[in-house]
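Trainee: Got chain A; can you put chain B on it based on the hints?
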Amino acid sequence: MKALKILILILFAGVLIYAASDLPYRGDPDNLMHVEESVTNTQVKGNYFVQNAYRDARTPNMVTVVLGDYRSIDTFGEQVVIYTAGLITLLVLRRTRKIKRALK
Amino acid sequence: MRRQFDSPIVILGSRLLSPYIMVFGWYVIFHGHYSPGGGFQGGALLAASILLIRVAGGRRISRLQIQEFATTPLAVIGVVIYFATGLVSIAMGGYFLDYEMLPIPGLDPAWLRYYGILIIEIGIGLAVMAILIMIYDNMVRGEDYA
Numbered sequence: 001m002k003a004l005k006i007l008i009l010i011l012f013a014g015v016l017i018y019a020a021s022d023l024p025y026r027g028d029p030d031n032l033m034h035v036e037e038s039v040t041n042t043q044v045k046g047n048y049f050v051q052n053a054y055r056d057a058r059t060p061n062m063v064t065v066v067l068g069d070y071r072s073i074d075t076f077g078e079q080v081v082i083y084t085a086g087l088i089t090l091l092v093l094r095r096t097r098k099i100k101r102a103l104k
Numbered sequence: 001m002r003r004q005f006d007s008p009i010v011i012l013g014s015r016l017l018s019p020y021i022m023v024f025g026w027y028v029i030f031h032g033h034y035s036p037g038g039g040f041q042g043g044a045l046l047a048a049s050i051l052l053i054r055v056a057g058g059r060r061i062s063r064l065q066i067q068e069f070a071t072t073p074l075a076v077i078g079v080v081i082y083f084a085t086g087l088v089s090i091a092m093g094g095y096f097l098d099y100e101m102l103p104i105p106g107l108d109p110a111w112l113r114y115y116g117i118l119i120i121e122i123g124i125g126l127a128v129m130a131i132l133i134m135i136y137d138n139m140v141r142g143e144d145y146a
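For the protein sequence lines, the chains are A and B, in the order given. Note that the numbering used here gives residue 89 to position 89 of the first sequence, counting from 1, and the numbers run on in steps of one. Note that the numbering used here gives residue 137 to position 137 of the second sequence, counting from 1, and the numbers run on in steps of one.
Just so you know, the hints here were simulated from the structure itself, not pulled from any lab data. Using N, Cα and C, we set each Cβ at its ideal position, and we do this for glycine too. Possibly wrong hints are sitting among the right ones.
Derived coverage of chain B by chain A (criterion: at least 3 residues anywhere in the stretch with Cβ under 8 Å from a Cβ of chain A; other residues may be distant) [said to hold, decoys possible]: (1) 6-15; (2) 28-34; (3) 44-51; (4) 58-65; (5) 79-89; (6) 134-143.
Listed below are several chain A residues computed to face chain B (Cβ distance under 8 Å; list not exhaustive) [said to hold, decoys possible]: (7) I17; (8) K45; (9) F49; (10) Q51; (11) T59; (12) L67; (13) I82.
Here are some, though not all, of the chain B residues that point toward chain A, as calculated from beta-carbon distances under 8 Å [what the hints assert, rightly or not]: (14) A75; (15) L102; (16) I131.
So here's chain A without its partners, still in its complex pose:
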């Protein structure tokens, strides 16, 4: 059984390495994600963000503009996730007196 596990791991690593050998080179300007128009003649959004982030929000840090402006609803969702985690610790860990009496 252990040999089977190791065999599966090696096979999966081989698949991943084969897939990684086909990735484009980092920083190559001819990559599909760096061209202005994609294969289907639509505008590539990442290229738009890089070119127009400073003009739209007067902020030199592009990551802040993407997180706070272009993708702000996603950031709102992240904040709600953290808020929910805090509320769950409040519900699970904080015992009130009524529950303690019911347990006895």
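Mentor: Quick look at chain B alone, frame taken from chain A:
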């Protein structure tokens, strides 16, 4: 956690470090437009500065800082700052979280986006700080009953 540490070195060290960590947290939030940082990272630093005093000083000293009952309202205020920014821009005739519709007079749309991002970063920082403190307080309190 519940009681104060016996060693005075721990308390003095945390008293020395805590204000500097807090100032650095505010710097990370407000300088997030120009350098790496933002609401989440700055909020975690603010929470670290308060939790340092809570771990070292025990419950009696931590009552002088943010108290236990104040953390949940602070978290709600942080989430509401973000959500109200979106709702105000809807009320002024834009989309949800469309900062260029915010009613701040005398600013270009680009500068309105700048200040809109700053407002929501402050909301995120407040919520993250309050929730990290809330998790710590609830865990300490759960330790009492265990």
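Trainee: It remains to establish, for every hint, whether it holds in the given structure.
Mentor: Verification of the supplied hints:
Closer than 8 Å: that is the beta-carbon criterion, and the region 6-15 of chain B has 0 residues meeting it against chain A, so the requirement of 3 is violated. Only residues whose C-beta sits within less than 8 Å of a C-beta in chain A count toward coverage, and the region 28-34 of chain B has 3 of them, enough to reach three; the restraint holds. Beta-carbon proximity to chain A at under 8 Å applies to 0 residues in the region 44-51 of chain B; the threshold of 3 is not reached and the given coverage is violated. Coverage of the region 58-65 of chain B by chain A is violated in this model, with 0 residues showing a Cβ closer than 8 Å to a Cβ of that chain against a need of three.
For the region 79-89 of chain B, the stated coverage by chain A is satisfied: 4 residues place a CB nearer than 8 Å to a CB of that chain, which reaches the threshold of 3. Check on the region 134-143 of chain B: 6 of its residues sit with their Cβ under 8 Å from a Cβ of chain A, so the three-residue criterion for coverage holds. Interface hint status for A/I17: violated, as the beta-carbon distance to the closest one in chain B is roughly 32 Å, over 8 Å. Among the interface hints, the one on A/K45 is violated; its C-beta lies about 17 Å from the nearest C-beta in chain B, farther than the 8 Å criterion.
Checking A/F49 against chain B by beta carbon gives a least distance of about 13 Å; that is not within 8 Å, so the hint is violated. Of the supplied interface hints, the one on A/Q51 is violated, with its beta-carbon coming no nearer than about 15 Å to a beta-carbon of chain B, more than 8 Å. The criterion of a C-beta within 8 Å of any C-beta in chain B is met by A/T59, whose closest approach is roughly 5 Å, and the hint holds. A cut of 8 Å between beta carbons decides the hint on A/L67: the least distance to chain B is about 7 Å, and the hint holds.
Hint on A/I82 holds. Least Cβ distance to chain B is approximately 6 Å, under the 8 Å limit. Because the smallest distance between the Cβ of B/A75 and any Cβ of chain A comes to about 6 Å, under 8 Å, the interface hint for this residue holds. With a least beta-carbon distance of about 12 Å to chain A, the hint placing B/L102 at the interface is violated under the 8 Å criterion. At a threshold of 8 Å, the smallest CB-CB gap from B/I131 to chain A is about 4 Å, leaving the interface hint in force.
Violation of the numbered hints given earlier is confined to hints 1, 3, 4, 7, 8, 9, 10, 15; the remaining hints are satisfied by the structure.
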